[in-house]
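All chains, please: the whole structure from these sequences, using the hints.
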Amino acid sequence: MKEIKIKTKDLTLYYGSKMALNSISVEIPQNQVTALIGPSGCGKSTFLRTLNRMNDLIPNVRITGEVLVDNFNIYDKNVDSVNLRKKVGMVFQKSNPFAKSIFENVAYGPRINGVNDKKKLTEIVETSLQRAAIWDEVKDRMHDSALGLSGGQQQRLCIARTMAVDPEIILMDEPASALDPISTSKIEELIFNLKENYTIIIVTHNMQQAARVSDHTAFFYMGELVEFGKTKKIFTVPVKKQTEDYITGRFG
Amino acid sequence: MKKVQKITGGIMMGTTALSVIIIIAIIIIMLVVIIIGGKDQLSWKFLTSFPEEGMTKGGIFPAIFGTALMVLIMSVAAVPLGAITAIYLTEYAKDRSWIAISVRFAVRTLAMVPSIIFGLFGLGFFIKFVGGGMDQAFFGGHLTWAQPNILWASLTMALLTLPVVIVSVEESIRTVPRELREASLALGATKWQTIRKIVLPGSRSGILTGTILAVSRGAGEVAPILFTGAAYYLATLPRGLSDQFMSLGYHVYIMSTQSVNVDQTLPIQFATTLVLLMLTFSLNLVAVIIRSRLRKSH
Chain A
183 MKEIKIKTKD
193 LTLYYGSKMA
203 LNSISVEIPQ
213 NQVTALIGPS
223 GCGKSTFLRT
233 LNRMNDLIPN
243 VRITGEVLVD
253 NFNIYDKNVD
263 SVNLRKKVGM
273 VFQKSNPFAK
283 SIFENVAYGP
293 RINGVNDKKK
303 LTEIVETSLQ
313 RAAIWDEVKD
323 RMHDSALGLS
333 GGQQQRLCIA
343 RTMAVDPEII
353 LMDEPASALD
363 PISTSKIEEL
373 IFNLKENYTI
383 IIVTHNMQQA
393 ARVSDHTAFF
403 YMGELVEFGK
413 TKKIFTVPVK
423 KQTEDYITGR
433 FG
Chain B
282 MKKVQKITGG
292 IMMGTTALSV
302 IIIIAIIIIM
312 LVVIIIGGKD
322 QLSWKFLTSF
332 PEEGMTKGGI
342 FPAIFGTALM
352 VLIMSVAAVP
362 LGAITAIYLT
372 EYAKDRSWIA
382 ISVRFAVRTL
392 AMVPSIIFGL
402 FGLGFFIKFV
412 GGGMDQAFFG
422 GHLTWAQPNI
432 LWASLTMALL
442 TLPVVIVSVE
452 ESIRTVPREL
462 REASLALGAT
472 KWQTIRKIVL
482 PGSRSGILTG
492 TILAVSRGAG
502 EVAPILFTGA
512 AYYLATLPRG
522 LSDQFMSLGY
532 HVYIMSTQSV
542 NVDQTLPIQF
552 ATTLVLLMLT
562 FSLNLVAVII
572 RSRLRKSH
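Top to bottom, those sequences are chains A and B. Numbering follows the working numbering, with no gaps: position 72 of the first sequence is 254. Numbering follows the working numbering, with no gaps: position 233 of the second sequence is 514.
Just so you know, these hints were derived from the structure itself, not from any lab. Where hints are given, some of them may not hold.
Claimed, not checked - Straight-line distance between alpha carbons at most 20 Å, and here's what the computed EDC-like set of lysine to aspartate or glutamate pairs gives:
(1) A:276 x B:463
(2) B:478 x A:299
(3) A:422 x A:409
(4) B:375 x A:238
(5) A:269 x B:463
(6) A:268 x B:463
(7) A:282 x B:460
(8) A:276 x B:460
(9) A:282 x B:463
(10) B:478 x A:326
(11) B:478 x A:286
And the structure:
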């Protein structure tokens, strides 16, 4: 077992009076891909968004329990969510490049962190685009608008943009759900290669995808963590009946 | 029953068609009368020269210049204040907080206040209170700022046009997708960095439209500047903020009510009206074009 990167203790979340997460305790290992699966509305995206405190932006959210990143509670009063998000990056379901050039999209993160040196920026942008496996496709049009890229390219650009901030953890919220099969396989290949340097947590609706890319899988149902374990085990010999029903497609 | 319905329908259609025709006719008659009355007077010389011989001859340059300068100062005051208010309302205030509710209520009320009230307010607040205070404090009571001038008139006009700016900036800020804000925040940007680098650039055209609409409104209004800075006639252009100025709208009013010889100055009056109309029409047209482009891009 690898080192633990993220650990939650009795994490409970309410939207107003509605409980969305019920006492989630889980340990997510470093430099591995962890997939969060479960039917719509089960709380997996909500859980993902607690890990970089994106839920802070939604009014009436109340959170109890602890989320420890590197043994440090990110819901501690002294924690600055802005700094946290530099360490815990996020890729969204719908690719969301800024209405700026390809270069400026990737340079955005470093720039807001105070990197202004042109040479250094160029270097960061280039490395990030290479890691996101999109460099060859965009290197000749760095200053064209990012909105002119295809959906799959936009999503890989967003991954490059996230990596440019040099996070340790990357959260992915159904990153391939709006993409064609070829783009999806490119993203999956990318995820597989990224785990060497990053801890990746991915929400997905696609069982095969979870089975293909992840090392560990967490199954959520109605705001509860039903089962967590090695992906191989979850997909072959699940402990709980509910998990088995879901992955074999009997419900959800 | 069928027949009755048919007749009712026919009457309704006739009524609506008639209303439309009346409205279009009014606009056409107005334009035709103004164009016919003013076209002979309108010339490059008319636009660029001063009035002559007790304003019975010559041009309207000081009025054009004064209007332009006034709307410029007005924009400098109204656009930043309006934009900041709009940013506060959309980005910082919680929707149902008492402060957001009262700001929105104030903006709506401000938009309903008759323009002459703004004029009176400007006279009481800017000239008597602020200007008077400044004269007491810095000029030993010597009358300097406690009288109508272009600064007070522009600020009064800024108050009048503030709701226009706030509403259009607010509208355009709301068109910036939530996904982009989230993307920026997820990269470790602060709220203010996100507003400055993502939200504001994304609502540039809305801010521009708001400014243009405010300018076109401000250029045409007379009541707010009546007591606060517009002059009947000036032999020179304003040289500073404490000088009075001539304005197109006020000039039309002067020409039609205070002229020494109404028959002789009628063409000047028509031509001035024509200039004012063309100015506000073209400004509004630009605003409409920008707005439709904005809609398309989203």
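How the hints compare with the structure:
{"no.": "1", "hint": "A:276 x B:463", "result": "holds (11 Å)"}
{"no.": "2", "hint": "B:478 x A:299", "result": "holds (18 Å)"}
{"no.": "3", "hint": "A:422 x A:409", "result": "holds (7 Å)"}
{"no.": "4", "hint": "B:375 x A:238", "result": "holds (14 Å)"}
{"no.": "5", "hint": "A:269 x B:463", "result": "holds (16 Å)"}
{"no.": "6", "hint": "A:268 x B:463", "result": "holds (13 Å)"}
{"no.": "7", "hint": "A:282 x B:460", "result": "holds (15 Å)"}
{"no.": "8", "hint": "A:276 x B:460", "result": "holds (8 Å)"}
{"no.": "9", "hint": "A:282 x B:463", "result": "holds (16 Å)"}
{"no.": "10", "hint": "B:478 x A:326", "result": "holds (18 Å)"}
{"no.": "11", "hint": "B:478 x A:286", "result": "holds (11 Å)"}
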